[in-house]
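Each protein sequence line maps, in turn, to chains A and B. Going by numbering that gives the first Met the number 0, the residue at position 3 of the first sequence is 2; the numbering climbs one at a time, nothing skipped. Going by numbering that gives the first Met the number 0, the residue at position 85 of the second sequence is 84; the numbering climbs one at a time, nothing skipped.
Mixed in with the good hints, there may be bad ones.
Identical copies look the same in the list; a pair holds intra-copy or inter-copy alike.
[Said to hold, decoys possible] DSS-like cross-link-like pairs, simulated, lysine-lysine; straight-line CA separation at most 30 Å: (1) Lys178 / Lys133; (2) Lys171 / Lys151; (3) Lys107 / Lys171; (4) Lys176 / Lys107; (5) Lys67 / Lys107; (6) Lys132 / Lys178; (7) Lys67 / Lys176; (8) Lys133 / Lys171; (9) Lys12 / Lys154; (10) Lys154 / Lys105; (11) Lys176 / Lys12; (12) Lys65 / Lys132; (13) Lys5 / Lys133; (14) Lys5 / Lys105; (15) Lys133 / Lys107; (16) Lys4 / Lys133; (17) Lys143 / Lys4; (18) Lys151 / Lys132; (19) Lys171 / Lys4; (20) Lys151 / Lys12; (21) Lys175 / Lys154.
Note that these hints are calculated values from the structure, not bench results.
There are 2 protein chains.
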Amino acid sequence: MNSRKKDDFPTNKIRRFLEPGPIVLVSSAHAGERNIMTMGWHMMLGYDHIGCYIWDQNHSRELIRKSKECVFNVPTFDLIEAVIGTGNNHGPEIDKFETFGLTPEKAKQVDAPLIAECYANFECRLVDNSQAKKYSLFVFECVKAHVARSPKYPKTVHYRGDGGFMIAGENKSYRKKFKPEML
Amino acid sequence: MNSRKKDDFPTNKIRRFLEPGPIVLVSSAHAGERNIMTMGWHMMLGYDHIGCYIWDQNHSRELIRKSKECVFNVPTFDLIEAVIGTGNNHGPEIDKFETFGLTPEKAKQVDAPLIAECYANFECRLVDNSQAKKYSLFVFECVKAHVARSPKYPKTVHYRGDGGFMIAGENKSYRKKFKPEML
Chain A
0 MNSRKKDDFP
10 TNKIRRFLEP
20 GPIVLVSSAH
30 AGERNIMTMG
40 WHMMLGYDHI
50 GCYIWDQNHS
60 RELIRKSKEC
70 VFNVPTFDLI
80 EAVIGTGNNH
90 GPEIDKFETF
100 GLTPEKAKQV
110 DAPLIAECYA
120 NFECRLVDNS
130 QAKKYSLFVF
140 ECVKAHVARS
150 PKYPKTVHYR
160 GDGGFMIAGE
170 NKSYRKKFKP
180 EML
Chain B
0 MNSRKKDDFP
10 TNKIRRFLEP
20 GPIVLVSSAH
30 AGERNIMTMG
40 WHMMLGYDHI
50 GCYIWDQNHS
60 RELIRKSKEC
70 VFNVPTFDLI
80 EAVIGTGNNH
90 GPEIDKFETF
100 GLTPEKAKQV
110 DAPLIAECYA
120 NFECRLVDNS
130 QAKKYSLFVF
140 ECVKAHVARS
150 PKYPKTVHYR
160 GDGGFMIAGE
170 NKSYRKKFKP
180 EML
């Protein structure tokens with residue numbers, strides 16, 4: 000698999016890639032350990048904030064809680080085997096980068112590694128974990144974003160449960176039907 | 000537009016329709032008023048809980064805050080005009096059901112109306128709004144779910160920003176690659 004050429008991207012526009020609801024790969028690191036988790040339960044929470052669910056059985060939760068940072072990486076359909084593999088294996092037992100052929104790349108603002116093969120990488124800092132015990136809810140602020148130069152619309156994968164995925168389909172613009180202040 | 004024949008559906012399996020990240024129409028009612036809002040910022044937060052962002056400028060926020068309930072309705076591509084219309088118009092000024100040809104239907108567990116034309120309807124009770132002021136974050140529990148008998152995979156719409164939508168594409172099963180305990 001190949002790394003992708005990416006440009007810097009405005010952190011307050013990352014909704015373009017997260018709001019459609021793709022599966023993301025969340026990478027994290029702490030004290031010499033690193034991990035990747037597959038995540039489908041996330042949402043925009045303001046234009047440069049992300050809310051997400053991290054189960055207390057996920058090894059990544061500890062790394063993120065301690066390092067207070069992570070990277071949200073957006074994979075495309077060509078990475079489906081790695082997406083399934085990272086979701087079906089438990090963190091400390093294997094190195095998921097090596098096992099699934101993913102390349103860690105140095106981030107700009109955080110110590111957690113980017114995943115080079117992913118379409119987009121959103122470097123994030125943990126800003127709120129007050130609902131972690133009750134709802135496994137974590138809130139992150141995106142501090143740096145990298146997005147591949149092409150294609151314009153990534154062929155993301157969306158989990159339907161029971162081992163099934165929906166692959167991102169056709170794109171249609173309805174721009175003319177929107178009030179200017181709604182765009 | 001036609002109403003859809005629906006069956007009761009297990010509330011702890013609604014992730015099948017929400018985790019892929021579709022735009023939802025959230026209906027609410029209080030003291031004789033009713034409204035619909037278009038929402039793209041939502042996530043599963045456990046198997047029968049939903050977290051979502053409701054801006055304090057949304058008229059629906061008041062109705063939901065006061066009634067402590069709402070319905071998450073999942074529209075499909077045939078309803079795109081209603082999806083855009085509800086998102087581009089402000090609540091108190093028009094009746095969105097009448098204006099966009101949507102049919103309110105009596106719910107089973109809540110007083111907020113279902114939207115008959117939508118593929119699925121998830122009746123919800125507000126269980127936590129402690130992060131509403133800080134993050135406009137609300138947590139709901141799904142107490143009753145209705146899902147259309149067909150098709151198996153709805154052609155949902157996913158917002159990319161700037162007036163553009165991704166329409167749900169191909170469905171692929173990778174069930175055999177999943178460990179049984181991960182299904």
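Checked hints:
Taking identical chains as interchangeable, the C-alpha atoms of Lys178 and Lys133 lie at most 30 Å apart only when they sit on different chains, with a minimum of 28 Å there against 39 Å within one chain. In this assembly of identical chains, the alpha carbons of Lys171 and Lys151 lie at most 30 Å apart whether taken from the same copy (13 Å) or from different copies (23 Å). Taking CA atoms no more than 30 Å apart as the test, Lys107 paired with Lys171 passes in neither setting, with 34 Å inside one copy and 36 Å between copies. In the homo-oligomer, the alpha carbons of Lys176 and Lys107 never lie at most 30 Å apart, since the shortest distance is 39 Å inside one protomer and 35 Å across protomers.
Taking identical chains as interchangeable, the C-alpha atoms of Lys67 and Lys107 lie at most 30 Å apart only when both belong to the same chain, with a minimum of 15 Å there against 43 Å between chains. For the identical chains of this complex, Lys132 and Lys178 are inter-copy neighbours only, at 27 Å across copies versus 41 Å inside a copy, given an alpha-carbon limit of 30 Å. Taking the closest pair of Cα atoms, Lys67 and Lys176 never come within 30 Å of each other, the shortest separation being 41 Å inside a single copy and 32 Å across copies. In this homomeric assembly, Lys133 and Lys171 never come within 30 Å of each other (Cα to Cα): the closest approach is 39 Å inside a single copy and 34 Å across copies.
Both within a single protomer and between protomers do Lys12 and Lys154 lie at most 30 Å apart by alpha-carbon distance, with minima of 18 Å and 25 Å respectively. In this homomeric assembly, Lys154 and Lys105 come within 30 Å of each other (Cα to Cα) only inside a single copy, at 25 Å, whereas the closest approach across copies is 38 Å. Only within a single protomer do Lys176 and Lys12 lie at most 30 Å apart by alpha-carbon distance; the minimum there is 21 Å, versus 34 Å between protomers. With identical chains, the CA atoms of Lys65 and Lys132 are at most 30 Å apart both within one copy (15 Å) and between copies (27 Å).
In this homomeric assembly, Lys5 and Lys133 never come within 30 Å of each other (Cα to Cα): the closest approach is 37 Å inside a single copy and 33 Å across copies. Only within a single protomer do Lys5 and Lys105 lie at most 30 Å apart by alpha-carbon distance; the minimum there is 13 Å, versus 50 Å between protomers. Taking the shortest Cα distances, Lys133 and Lys107 sit within 30 Å of each other only across copies (28 Å), while inside one copy they are farther apart (32 Å). For the identical chains of this complex, Lys4 and Lys133 are neighbours neither inside a copy (40 Å) nor across copies (37 Å), given an alpha-carbon limit of 30 Å.
In this homomeric assembly, Lys143 and Lys4 come within 30 Å of each other (Cα to Cα) only inside a single copy, at 16 Å, whereas the closest approach across copies is 46 Å. In this homomeric assembly, Lys151 and Lys132 never come within 30 Å of each other (Cα to Cα): the closest approach is 38 Å inside a single copy and 35 Å across copies. In this homomeric assembly, Lys171 and Lys4 come within 30 Å of each other (Cα to Cα) both inside a single copy, at 25 Å, and across copies, at 28 Å. Taking the shortest Cα distances, Lys151 and Lys12 sit within 30 Å of each other inside one copy (14 Å), while across copies they are farther apart (33 Å).
When the C-alpha separation of Lys175 and Lys154 is checked against a cutoff of 30 Å, the pair qualifies both within a copy, at 25 Å, and between copies, at 22 Å.
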